[in-house]
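J.: Okay, so the sequence shown: first residue is 1 according to the working numbering, each after it adds one.
In short, the hints are calculated from the structure, not lab data.
Backbone N, C-alpha and C define an ideal beta-carbon position, used for all residues, glycine too.
Keep in mind that a hint or two might mislead.
[Stated by the list, open to error] Derived CB-CB ranges, DEER-like: (1) VAL21 with GLU81: 24 to 30 Å; (2) ILE9 with PHE84: 16 to 22 Å; (3) ASN87 with ILE58: 43 to 49 Å; (4) PRO59 with HIS4: 48 to 54 Å; (5) LYS57 with LEU22: 45 to 51 Å; (6) LEU22 with ASN54: 28 to 34 Å.
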Amino acid sequence: MFKHDFKKIANNLLLEPSTEVLEITQNLLSSIDEQLNDLDQLNLDNVKALSHINELKIPFDKLRDDVENNDTKISKQNILENAFDKNEEMVVMKRVVNE
């Protein structure tokens, strides 16, 4: 992926990355590509594919109960205060479908 592709993606996300950020992103992507190429060299012919990290069957009654954590909850007022564009009740988003 080239710098103009990154700029286009960033522009679609309403971001304006600096030249330095674009170079860092390009270097990271190149590093990821190299590592993926290294993985392609592995012989996985006798390795069984997994559908989950842990394929052990766990009965539902052994699963933990969900516990709501209000410590990290963000209030609607806080979201509205930090929104770039809003009306009295909602955050106003740029329409991205069918434009």
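J.: Against each hint, give a clear statement of whether it holds in the structure.
T.: For each hint, the structure was consulted:
no.	hint	verdict
1	VAL21 with GLU81: 24 to 30 Å	holds, 27 Å
2	ILE9 with PHE84: 16 to 22 Å	holds, 19 Å
3	ASN87 with ILE58: 43 to 49 Å	holds, 46 Å
4	PRO59 with HIS4: 48 to 54 Å	holds, 53 Å
5	LYS57 with LEU22: 45 to 51 Å	holds, 47 Å
6	LEU22 with ASN54: 28 to 34 Å	violated, 39 Å
Violation of the numbered hints given earlier is confined to hint 6; every other hint is satisfied by the structure.
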